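**Q** Once you have looked at the hints, place chain B on chain A.
From first to last, the protein sequence lines stand for chains A and B.
Every position in the first sequence, counted from 1, becomes a number in the working numbering once 2 is added.
Every position in the second sequence, counted from 1, becomes a number in the working numbering once 2 is added.
What the hints contain is simulated information worked out from the structure, not anything from laboratory work.
Quick caveat, the model's predicted, so the values are computed rather than measured.
There are no misleading hints in this set.
DSSO-like mimics (lysine-lysine), calculated; alpha carbons at most 30 Å apart, straight line: (1) A:K180 / B:K243; (2) A:K76 / B:K128; (3) A:K166 / A:K232; (4) A:K243 / B:K179; (5) A:K76 / A:K34; (6) A:K180 / B:K182; (7) A:K84 / B:K232; (8) B:K212 / A:K76; (9) B:K219 / B:K232; (10) B:K108 / B:K180; (11) B:K182 / B:K128; (12) A:K166 / A:K24; (13) A:K182 / A:K232; (14) A:K128 / B:K34; (15) B:K179 / A:K182; (16) B:K128 / A:K180; (17) B:K76 / A:K212; (18) B:K76 / B:K99; (19) B:K93 / A:K179; (20) A:K166 / A:K219; (21) B:K93 / A:K180; (22) A:K179 / B:K243; (23) B:K179 / A:K179; (24) B:K182 / A:K108; (25) A:K99 / A:K34; (26) B:K229 / B:K179; (27) A:K182 / B:K93; (28) B:K128 / A:K93; (29) A:K182 / A:K128; (30) A:K128 / A:K84; (31) A:K108 / A:K232; (32) B:K76 / A:K179; (33) B:K93 / B:K38.
Interface residues of chain A toward chain B, partial, derived using beta-carbon atoms under 8 Å: (34) N82; (35) E87; (36) S123.
Beta carbons are placed, not taken as given, at the ideal position from N, Cα and C, and that holds for glycine.
There are 2 protein chains.
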Amino acid sequence: MRNIKLTIEYDGTNYNGWQSQKNGAGIEDVIKEAIKSLTGEDVDLIASGRTDAGVHALGQVANFITNSSIPADKFSFALNTKLPEDIVIVKSEEVDKDFHARFSAKSKTYRYLIYNDIHPSALLRKRAYHVFYELNLENVREAASYFIGTHDFAAFMAKGSNVKTTVRTITDITINKKEKLIEIEVTGNGFLYNMVRIIAGTLVDVGIGKINVADIKDIIESRRREKAGKTLPPWGLYLVKVDYD
Amino acid sequence: MRNIKLTIEYDGTNYNGWQSQKNGAGIEDVIKEAIKSLTGEDVDLIASGRTDAGVHALGQVANFITNSSIPADKFSFALNTKLPEDIVIVKSEEVDKDFHARFSAKSKTYRYLIYNDIHPSALLRKRAYHVFYELNLENVREAASYFIGTHDFAAFMAKGSNVKTTVRTITDITINKKEKLIEIEVTGNGFLYNMVRIIAGTLVDVGIGKINVADIKDIIESRRREKAGKTLPPWGLYLVKVDYD
Numbered sequence: 003m004r005n006i007k008l009t010i011e012y013d014g015t016n017y018n019g020w021q022s023q024k025n026g027a028g029i030e031d032v033i034k035e036a037i038k039s040l041t042g043e044d045v046d047l048i049a050s051g052r053t054d055a056g057v058h059a060l061g062q063v064a065n066f067i068t069n070s071s072i073p074a075d076k077f078s079f080a081l082n083t084k085l086p087e088d089i090v091i092v093k094s095e096e097v098d099k100d101f102h103a104r105f106s107a108k109s110k111t112y113r114y115l116i117y118n119d120i121h122p123s124a125l126l127r128k129r130a131y132h133v134f135y136e137l138n139l140e141n142v143r144e145a146a147s148y149f150i151g152t153h154d155f156a157a158f159m160a161k162g163s164n165v166k167t168t169v170r171t172i173t174d175i176t177i178n179k180k181e182k183l184i185e186i187e188v189t190g191n192g193f194l195y196n197m198v199r200i201i202a203g204t205l206v207d208v209g210i211g212k213i214n215v216a217d218i219k220d221i222i223e224s225r226r227r228e229k230a231g232k233t234l235p236p237w238g239l240y241l242v243k244v245d246y247d
Numbered sequence: 003m004r005n006i007k008l009t010i011e012y013d014g015t016n017y018n019g020w021q022s023q024k025n026g027a028g029i030e031d032v033i034k035e036a037i038k039s040l041t042g043e044d045v046d047l048i049a050s051g052r053t054d055a056g057v058h059a060l061g062q063v064a065n066f067i068t069n070s071s072i073p074a075d076k077f078s079f080a081l082n083t084k085l086p087e088d089i090v091i092v093k094s095e096e097v098d099k100d101f102h103a104r105f106s107a108k109s110k111t112y113r114y115l116i117y118n119d120i121h122p123s124a125l126l127r128k129r130a131y132h133v134f135y136e137l138n139l140e141n142v143r144e145a146a147s148y149f150i151g152t153h154d155f156a157a158f159m160a161k162g163s164n165v166k167t168t169v170r171t172i173t174d175i176t177i178n179k180k181e182k183l184i185e186i187e188v189t190g191n192g193f194l195y196n197m198v199r200i201i202a203g204t205l206v207d208v209g210i211g212k213i214n215v216a217d218i219k220d221i222i223e224s225r226r227r228e229k230a231g232k233t234l235p236p237w238g239l240y241l242v243k244v245d246y247d
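Next up, chain A with everything else stripped away, as it sits in the complex (with noise of 0.2 Å):
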């Protein structure tokens, strides 16, 4: 019995998201359905959390347990012949047997992609949100420094979530301008439901000077969702990668 981890990309517009649905049209139903056809097995397929319909993965993690004799490393040539192609194995490897996808992970890196232009772009459509007004990115860069650290980010959380606590710890988030293309990547122990997402909406109302910069630490503060800007779109979110010890 051997522990394989697989990195995974995946272009999330035709699915589902991630978990397992009744339909199939959860990646991981597909990608349970691959592991079979290869090696017989219904594996328990662990990732290191979910991601919402629409939601992109460059780097998601998820590993099973396998009594077949594939190298490890050729796991990912060999699903990829099973897999359609917008879900691809980029990495197989064997690890640890007490290595799990989620219980091990220790920080995740989730970006979000905005396309700032008076006209949205055809060739970035369903992989990047189109922004019409000129963001300044200053501001938009002071706003972000604000969410660094261990606060309560319940301000940032969709409502009805229900978790046991609120409070997260965010280690880096940078703004990257590429042309015409913002990336906002955010780095953290762990994320609340929706939380890359509204922190994306707010820092994009301070771009544009719908919220003032100055307003931040109030509205983290205040842990009232309703302070917080509107849950951007899920098709400009890409799970960029898992970290582990």
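**A** Relative to the frame of chain A, chain B by itself:
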């Protein structure tokens, strides 16, 4: 009567190329339909040239004559409300009455995009051509330099094409690498059918060592299609821009 120039971005994946089709699946059909819905006019939409099924554009150019009173720079916004998300008018402007998108064009720039990694990319499928073997870019750049200038490019034209002359001038070829993406950008005064896709296929063969750099000059001079590399698929090709005086 005004002559309106449109600059157009499109994702060619879901269309049967630029040219009008009986079933309306040409990009030209869709834009003409949007113009008709906006102005009531059945215009003659003149493009800089056709693009094949699956080929993308960042800056296709087309023009049409209209009696509409819509301000020239507002056509883009108005048309985008009528167009599907995979076709975007990025600019609209009034031009001289003798401007002709095809005959007035001085040069065109195409890009062929290669994703160079052991695994394909889920997010760039239908956006870049996947090459498994690592390309030797030094050799690719040296080979590319032989194409610059005025040559008989008969070896780089799809068989069965019917043209008066196969002599064309390439003014520039640049090879850029950004992480796993390699861009082959070709500028010229005109292109034969499939010319950029065959040049790209030949350069890939050089990059993987299947064709020697030293043989490129002979391949060009041979004028024989079978001496050159294969025609790469349409989805890696982008019409980047069309230059006018």
